[in-house]
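2 protein chains.
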Amino acid sequence: MAGDGSDQRALQYEQTLMYGRYTQELGVYAKEEAARLRESGQRRSISERSRTLDLLEYDKGRCAKCRRSGYPYVLEAPAQDFISVCTVRCQKFLISRVGEDWIFLILLGLVMALVSWVVDFCIAICLQAQKWMYGGLDSNVFLQYLAWVTYPVVLITFSAGFTQILAPQAVGSGIPEMKTILRGVVLKEYLTFKTFVAKVIGLTCALGSGMPLGKEGPFVHIASLCAALLSKFMSLFGGIYENESRNIEMLAAACAVGVGCCFAAPIGGVLFSIEVTSTFFAVRNYWRGFFAATFSAFIFRVLAVWNRDEETITALFKTRFRLDFPFDLQELPAFAVIGIASGFGGALFVYLNRLIVQFIRKQKTINKFLMKKRLLYPALVTLLISTLTFPPGFGQFMAGKLTQKESLVTLLDNRTWAKQGIAEEFDYIGNSQAWKHPQVNVFVTLVLFIVMRFWMSALATTIPVPCGAFMPVFVIGAAFGRLVGESMAAWFPDGIHSDGSIYPIVPGGYAVVGAAALSGAVTHTVSTAVIVFELTGQISHILPVMIAVILANAVAQSLQPSLYDSIIRIKKLPYLPELGWGHHEKYNIRVEDIMVRDVRYITLNCCYRDLHNILMSIHLKTLALVESAESMILLGSIERAQLQSLLSQQLSRSRRMEYIRERAATEKKHLSVVSNNDSDDGRQRASQEVRFQISTEESTFSPTRPASQKPLKPALKRSSVVERPTELPTSPHDHSGIALKSLFCSSPDAEALEDDGDVEDDMTLREITEWEERQLDEQVNFSTCKIDPAPFQLVERTSLHKTHTIFSLLGLDHAYVTSIGRLIGVVSLKELRKAIEGSVTVKGVKVRPPLASFRDSGTSSSENEATELHKLWDRHRSVSLPGDQVTSESDEKSQ
Amino acid sequence: MAGDGSDQRALQYEQTLMYGRYTQELGVYAKEEAARLRESGQRRSISERSRTLDLLEYDKGRCAKCRRSGYPYVLEAPAQDFISVCTVRCQKFLISRVGEDWIFLILLGLVMALVSWVVDFCIAICLQAQKWMYGGLDSNVFLQYLAWVTYPVVLITFSAGFTQILAPQAVGSGIPEMKTILRGVVLKEYLTFKTFVAKVIGLTCALGSGMPLGKEGPFVHIASLCAALLSKFMSLFGGIYENESRNIEMLAAACAVGVGCCFAAPIGGVLFSIEVTSTFFAVRNYWRGFFAATFSAFIFRVLAVWNRDEETITALFKTRFRLDFPFDLQELPAFAVIGIASGFGGALFVYLNRLIVQFIRKQKTINKFLMKKRLLYPALVTLLISTLTFPPGFGQFMAGKLTQKESLVTLLDNRTWAKQGIAEEFDYIGNSQAWKHPQVNVFVTLVLFIVMRFWMSALATTIPVPCGAFMPVFVIGAAFGRLVGESMAAWFPDGIHSDGSIYPIVPGGYAVVGAAALSGAVTHTVSTAVIVFELTGQISHILPVMIAVILANAVAQSLQPSLYDSIIRIKKLPYLPELGWGHHEKYNIRVEDIMVRDVRYITLNCCYRDLHNILMSIHLKTLALVESAESMILLGSIERAQLQSLLSQQLSRSRRMEYIRERAATEKKHLSVVSNNDSDDGRQRASQEVRFQISTEESTFSPTRPASQKPLKPALKRSSVVERPTELPTSPHDHSGIALKSLFCSSPDAEALEDDGDVEDDMTLREITEWEERQLDEQVNFSTCKIDPAPFQLVERTSLHKTHTIFSLLGLDHAYVTSIGRLIGVVSLKELRKAIEGSVTVKGVKVRPPLASFRDSGTSSSENEATELHKLWDRHRSVSLPGDQVTSESDEKSQ
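Respectively, the protein sequence lines represent chains A and B.
If you count the first sequence from 1, position 410 lands on 435 in my numbering, and the numbers rise without skipping.
If you count the second sequence from 1, position 306 lands on 331 in my numbering, and the numbers rise without skipping.
Be aware that a few hints might be false.
Since the list gives no way to pick out one identical chain from another, each pair is judged satisfied if it fits inside one copy or across any two copies.
Distance condition first, Cα-Cα at most 25 Å in a straight line; then the derived SDA-like pairs of lysine to any residue [as the list claims (entries may be wrong)]:
| # | residue 1 | residue 2 |
| --- | --- | --- |
| 1 | Lys-389 | Tyr-376 |
| 2 | Lys-343 | Asn-439 |
| 3 | Lys-343 | Gly-562 |
| 4 | Lys-859 | Ala-307 |
| 5 | Lys-859 | Val-308 |
| 6 | Lys-646 | Arg-858 |
| 7 | Lys-343 | Leu-357 |
| 8 | Lys-343 | Thr-428 |
| 9 | Lys-859 | Asn-310 |
| 10 | Lys-430 | Asp-349 |
| 11 | Lys-343 | Gly-525 |
| 12 | Lys-343 | Pro-529 |
| 13 | Lys-597 | Val-308 |
| 14 | Lys-596 | Val-308 |
| 15 | Lys-398 | Trp-480 |
| 16 | Lys-859 | Glu-274 |
| 17 | Lys-389 | Pro-193 |
| 18 | Lys-257 | Ile-614 |
| 19 | Lys-461 | Glu-431 |
If you're looking for bench data, these hints aren't it; they were derived computationally from the structure.
Could you put together the complete structure from these sequences and hints?
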């Protein structure tokens, strides 16, 4: 019985979360359990238990309801509870006065700065330990090698295992997921405490291993986790922390904090997080990001000062380029070359990264083996990379002994390496020493470093540990810039400037430009420029950096999606591709060209059988409700789950019991004429009429407006799982009927008969079937059903560009196409995605391979042909409306 | 007759542009005239004349139509035209290939850089001329004074007069207008060539006068003008330049270019323009701004290098602060003080500026006098300011002889003034000399400078010339920062740092912080921080600047709207206030609390009389179309103008003529039975049925889908004025009937009877009235009417916060509130604005004075009371649905 119920629920949620993968079963299950307990009168015990995080939100909703409806809760509860409620209210008042957004943001910034600092500190200790081990064993090369290799393998394996066990969601960067969440998709278990712990510890170990991994992406995720947990914590006191819009705003701010406290770059952090996570950015949210990120960066740097690492607050990777003449105008072509080359390099990196993932996924035998021994892959990759960087081995030719941070510091050094030559003194803190090899030119070292690091980073970021790719890419970019800079310095030993004083070329400036350009190309952002200024503390190279970043973006965006979009596709998260650089042909495609014309709908006067059939035949998340099949006037949309519960209610055992009772009463009536069946009659009547019930978004008062002519009353826009009306039977107690069983594809097993009253369930299976058939012919009573009364509507003529805008603005996943009230089609994210990715050529309609989705088609077609073809295409495709499962499969195939 | 027609049109447009003030009569009139000419067959002459800018867009629309519908235009035209069309098509192909966005952006950047440089150059010459005049007359103080005063008075007066005559729209900053335009409101004549010329020349003269005025705001406007004109120019070749969404995107980029090339600050420019003009920013538009602004800033600085002003590209106001230890941690409180004080100062500045405007507006006598002699006010203000800054007079105590630029350079100087004392040598290029007075302390000079400049700037920005307030405020902020810095330097002569080396305090750093904080407070932006980094070329003070800017914003935003929002209110542009810092109470207000319940609607089966009555009684821009008064199912919305034209068509003279003809025919029928009245019959039948006609957004092909059961066919979302179907009689040729006359409130004067056919208008006035009464009783035929089939719908439970988001996201000005298809209310920008500005207190509902609209109410109410009160309030107000005229009046009163 219970198994049956949970099956049903599982199916339901799989379809609720349109694109699968992440179900939120656990949380919801806990809430339902809580609801059941509460129903059975265990209110007091709940009031204690509800302080746990999972049930918190539910309890808040309930408390709010009680308070408004005349404190029945308080009146029922003893004095102790009353006092606690008073305390809570006082606290709430305090918080609502003081607890403005900025308190939250300061707390968030503070926590994140501490986390960032502690993580950095632990990483530094880990790296130092490795160095110490390696240094201590300098008598024996083999022992040295063992130490050098074992240490990272152990750390990475631990990190992978720990993450795998505690919270597999913590794997990877987190930015793609945050982008999806900020689009409005619920990936709830991404923001749990478990994930937080797994991410922080996993990240520390992963970075402590010395692998070429970054902390930026994970920090965005960690900050979001912090915000979500803090929000939950704060909602213990105040009410405003429950609002969904507010949570989204706070998550957006948290992303900024993540980047900001990672690099001590508040401005760059805000901009980067906007570029990476948002499609449309609410400017009113701007100050939140700045405020929190600044505070966080400030605390992060102050901790360093207090720790006596620094004398005062300065940049993380401070440079000391000359200010008067940072670069010559004639050097600009070299900067532009860096930009363009970085663009190609960035695209290659994204491609390589995806290629590795897909290669490992496709090789069935490898995959099978690796799936069994999940920790083998991380260990192998780590072994390979650390072997190659072993300083006495190949590592000597690629500055292998330097950590990522040390490499970056040396690369941004403001002195020239090449000019002094190899033989010359070269004594900058000893670290630059690593770049100098007795036999090999510094150029060779740099080239080797770039090439080796490039594929190593692409490989390392596929390890299933919490890690980002920003920092490795940043370092590679800096090395590339340095290479160009050193070449320029070798070519023009006295600088380019012709008249007057000599200004030698500064290769460090080139390194800055290269770092910004390559990381910009990989992430498709312009704000890396701002990040480098904040990281280096110098803005003198603003124009070269901007030019290089923009060129790199132009090249990279025309070749490949960004790294994060690439991961989104690999992970099959619900997404909407950007319109890209040259999207003017998108203005000419219209909704009517891409919409699905064969819309499935339910009518207001349909019977339960129609409902049953429609639920059997299709698997859409929501269904359109129209007035009648003739008028096709769109009234709203209903979620599938709602319809299922309607149906299960109609065929529920309790209703059958009632029928039996009624039948018994009728039989009795033959004996005594006086009997009260008013209530049943009333019930019957109600189910015949079309009547809508008030259901509220939050548990506020019910409006007391007089009923108007037609008994249609307000329903909510966004149904909340929390506020299920109590008479709605969705808990596993209500057993579905036989006909319903067929809907949920499970065989009709014998029901556990519970005697719950005066009558006995003495109906035979045939009688039950007959009864159900009769029930199915009744007209649907939508009164207990939540209807979204204003689903988003478009017009046929809306352009693809505008549709894209609206979808990304409002985070829709489908919209109905109407024509003067009449429903004529539906557009979902899927159609839109296809329309954006599949370009229209003159020859015909062609869906481009996903890898080339950002490439522009060589020819543009005349509108007429294109649209006609589109229509044909659509008609062909809409013959069988593909369900969501089909989508994900076809997606899988195309990748 | 013609006067009558234009009256009608004027009324129509006054109601179309909901908030009045700026009517687009001229442009539309020109187009209508062109349409009339074209109708009468003068195609060739048009094809030459249409190359003028005003008619260009119209002609493009027509050309596009011709091209698609089988080249009837080309076939009719001679060979020469054919060749020119071919050339145009070739050009179009070239442009559509090459003419991606980036070409446009490069052109825009280039043009703006040149404009900026030329304007700067001219301003420099003007200022130098003044200095030269003043210096040359050093023998006679009176002559010196005359020269010092006359020069700016003449320039400002010229600027004001020139702008007044050529294009009054060029007055002021332009940022408020751009904000409005980017919200989707059409202020077309803001983007004409005339305005461009007026703005550039007016600005040059105004700034050349040496008044405390800025060029930033005007440059945003100029860049937008450039973009609009360039767009028009480019649309000569390509088709994509006609798209509305694209134009908005380009305007947003242009705003970034404006700031970017003004300060050579690409990043700050982009961010500032986003903060100042957008509510929701499309991240896909981000690269456009960066690209264009970077290119523009680059060219702008390269011009300086080519002109031998600079050796290489560096910042505009380069500073030379030390990098190693820019500031001590213990100095942070001082920076915070600067931030908070700047916040108050910024709010005061906005308040003062508005106060001056309102004072001058309210003083009827002054106002009347000034209205007559429009140039007197500028002249008087200039006289006052220049008198006070006269260097040998009061100006000697406030560095009056320095220009704005020179002041800023000296204020940002990295040496300390106070430490050396007044007596010490003080010889920095001679300009810092101006701050030193033999008798007076440098602190006194600074304080005087700040105080005097403060009110002078607030006053000067009210002069009706093209001018901005950013730069004056920036300088005042720098002076304030310098003051604090010098005080700190005097207080801690050896710096604060306790251990080790001595790091003296850098007052220049304080000046940077002050400048960013004050300008941030006045404009409510955080990105001024980025602008100062780019302006000074140093980012070392990032944390102090960020902290001060955020604090300043926090204070200023809680006291006053931003300067631009303040101007928007003064100018009564349609706007939607921001939600501000602490807006959590907005989550609890719902649409049902603020909506107007008494919605006026028209039903699908109404007769013309209902239409007439409804148009007589209310003055809304759009009306809801519902299925019937019983069902209230919302089908769409119709513009008032459409209904008016429906009505005028029904009562038109041509229909009456037809009636007369018909009557005559019927009379004839008595004589001969054979007559063909089929067509009339068909017409009659058609007008009885409810039938919708296909009308297309752009003049594309008509879809050939088979007609479905109900003969409802697609109509367009946004009606375009250009594409009026030819059978729709809105040109002044169609004379309105008598009943219609009463609608347009003009007395029914005798119509100029034109004999247009075989019959004579022999009906008496009584007959006409009778005929019209009959006509009014007919059912409305909506076939020629453009219906917006998907007006935006909200649900009662939508929160104010969400409503605000949706309104600003989609640029709506009204939305219908529906409940499962049923129309139950309407919310317009007005209600929303009131709800945001008027706070809800426990005592009752109170609309706060506009000046305090951003202040938070001290107490928050319980939701129940508030909502009930809100309802009462709404019911009270909705008794008479106030028209738009009423709105603007009440706005006027409340200010």
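Verification of the hints:
1. Lys-389 x Tyr-376: within (21 Å within a copy, 71 Å between copies)
2. Lys-343 x Asn-439: both (10 Å within a copy, 20 Å between copies)
3. Lys-343 x Gly-562: both (6 Å within a copy, 15 Å between copies)
4. Lys-859 x Ala-307: between (27 Å within a copy, 21 Å between copies)
5. Lys-859 x Val-308: Between. Shortest inter-copy distance 21 Å satisfies the 25 Å Cα cut-off; intra-copy 30 Å does not.
6. Lys-646 x Arg-858: Within one copy only: 18 Å inside, 36 Å across.
7. Lys-343 x Leu-357: Answer is both: 23 Å inside a copy and 20 Å across each meet the 25 Å cutoff.
8. Lys-343 x Thr-428: So Lys-343 and Thr-428 pass the 25 Å test inside one copy only (17 Å; across, 35 Å).
9. Lys-859 x Asn-310: Only across copies: Lys-859 and Asn-310 sit 22 Å apart there, 32 Å inside one copy, limit 25 Å.
10. Lys-430 x Asp-349: between (28 Å within a copy, 20 Å between copies)
11. Lys-343 x Gly-525: between (29 Å within a copy, 21 Å between copies)
12. Lys-343 x Pro-529: both (20 Å within a copy, 21 Å between copies)
13. Lys-597 x Val-308: between (29 Å within a copy, 22 Å between copies)
14. Lys-596 x Val-308: Result: close only across copies, 23 Å inter versus 30 Å intra.
15. Lys-398 x Trp-480: within (24 Å within a copy, 75 Å between copies)
16. Lys-859 x Glu-274: between (30 Å within a copy, 24 Å between copies)
17. Lys-389 x Pro-193: Intra 22 Å, inter 73 Å, cutoff 25 Å: intra-copy only.
18. Lys-257 x Ile-614: Classified as between; 23 Å across copies, 44 Å inside a copy.
19. Lys-461 x Glu-431: within (14 Å within a copy, 49 Å between copies)
In terms of the numbered hints stated before, the structure departs from none.
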